[in-house]
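**Q** The listed protein sequences derive, respectively, from chains F and L.
Each step along the first sequence adds one to the number in the numbering used here, with nothing skipped, and position 33 is 57.
Each step along the second sequence adds one to the number in the numbering used here, with nothing skipped, and position 47 is 45.
Just so you know, the hints here were simulated from the structure itself, not pulled from any lab data.
Each hint should be verified, as a subset may be incorrect.
Said to hold, decoys possible - Lysine-lysine pairs mimicking BS3-like chemistry, simulated, CA-CA at most 25 Å apart:
| hint | chain 1 | residue 1 | chain 2 | residue 2 |
| --- | --- | --- | --- | --- |
| 1 | F | LYS65 | L | LYS106 |
| 2 | F | LYS65 | L | LYS54 |
| 3 | L | LYS40 | F | LYS68 |
What the hints assert, rightly or not - Partial chain F-side listing against chain L, Cβ under 8 Å, derived:
| hint | residue |
| --- | --- |
| 4 | ASP54 |
| 5 | SER77 |
| 6 | MET84 |
| 7 | PHE89 |
| 8 | GLY131 |
What the hints assert, rightly or not - Partial pick of chain F residues on the chain L-facing surface, computed with a CB cut under 7 Å:
| hint | residue |
| --- | --- |
| 9 | PHE31 |
| 10 | TYR57 |
| 11 | GLU66 |
| 12 | HIS72 |
| 13 | GLY95 |
| 14 | TYR98 |
C-beta atoms are modelled at their ideal positions from N, C-alpha and C, and glycine is treated no differently.
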Amino acid sequence: EAGVTQFPSHSVIEKGQTVTLRCDPISGHDNLYWYRRVMGKEIKFLLHFVKESKQDESGMPNNRFLAERTGGTYSTLKVQPAELEDSGVYFCASSLLTGGMYEQYFGPGTRLTVT
Amino acid sequence: QKEVEQNSGPLSVPEGAIASLNCTYSDRGSQSFFWYRQYSGKSPELIMFIYSNGDKEDGRFTAQLNKASQYVSLLIRDSQPSDSATYLCAVIRKGGSQGNLIFGKGTKLSVKP
């Protein structure tokens, strides 16, 4: 079974440009999460989808970030316009609801560098 | 105070020894606890989860949870050089979004041959 996949693996853009990150969860996983790790800090939650609905977007830093999950399959995270502080590694994770518990499986991440 | 605290290390142990990794959390209502292993430049890999007080064993790994003292630990028996990685502790708070994993910064483990 394929794991969580993310594209691209690395993106370098200039300040003010737009970048779109993509995540494909494990097949059958209704829950999809976005996290971010900036250098020197811990991994931080951004948002959580259940199928195509946003369950929790309390971690989204500001309105320059837009996440979508049309059709409840893959998800995209758009940053527009990008700022220097957006640099970091963006992880996607997915999970099944199993007995009320949520074991999340992470993708390889997208390393975003804003110059 | 950070919600989830871990000693950043590095923790260095000889091959074959027991590695003990500790994590404390501030929210007494936390209800689910996870240990992830992350090799440099790779994604976090789930290795253990524990929901109830006590010990949970899986192969060479044992997770221990003490809710009264608000700590969770991971023991790695017969440590191998391949166990060298950063170990991340994560919790889910009761009442919060069930998707919102709160991570510590991780403890770097080095197993010397």
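**Q** Decide, hint by hint, whether the structure agrees.
**A** Hint-by-hint comparison with the structure:
Between LYS65 (chain F) and LYS106 (chain L) the alpha-carbon distance is near 14 Å, which keeps this suggested pair within the 25 Å criterion. Distance restraint check for LYS65 (chain F) and LYS54 (chain L): the Cα-Cα separation of roughly 29 Å exceeds the 25 Å cut-off, and the hinted pair is therefore not satisfied. Between LYS40 (chain L) and LYS68 (chain F) the alpha-carbon distance is near 16 Å, which keeps this suggested pair within the 25 Å criterion. Hint status for ASP54 (chain F): violated, given a least beta-carbon distance of 11 Å to chain L, over 8 Å.
A least Cβ separation of about 12 Å between SER77 (chain F) and chain L goes past the 8 Å threshold, and the interface hint is therefore violated. Residue-level restraint check for MET84 (chain F) is violated (minimum Cβ-Cβ distance to chain L is 12 Å; threshold 8 Å). About 16 Å separates the beta-carbon of PHE89 (chain F) from the nearest beta-carbon of chain L, more than 8 Å, and the hint is not met. Hint status for GLY131 (chain F) relative to chain L: holds, with the closest Cβ pair at about 6 Å, below 8 Å.
The beta carbon of PHE31 (chain F) comes no nearer than 14 Å to any beta carbon in chain L, farther than 7 Å, and the hint placing it at the interface is violated. Proximity of TYR57 (chain F) to chain L holds as hinted, the smallest CB-CB distance being about 5 Å (cut-off 7 Å). With a least beta-carbon distance of about 5 Å to chain L, the hint placing GLU66 (chain F) at the interface is held under the 7 Å criterion. For HIS72 (chain F), the suggested interface contact is upheld, since its CB lies about 3 Å from the closest CB of chain L, less than 7 Å.
A hinted interface residue such as GLY95 (chain F) counts as satisfied when its beta carbon comes closer than 7 Å to some beta carbon of chain L; here the least separation is about 19 Å, so the hint is violated. Contact between TYR98 (chain F) and chain L, as hinted, is not supported at the beta carbon level, the nearest pair being about 17 Å apart and thus beyond 7 Å.
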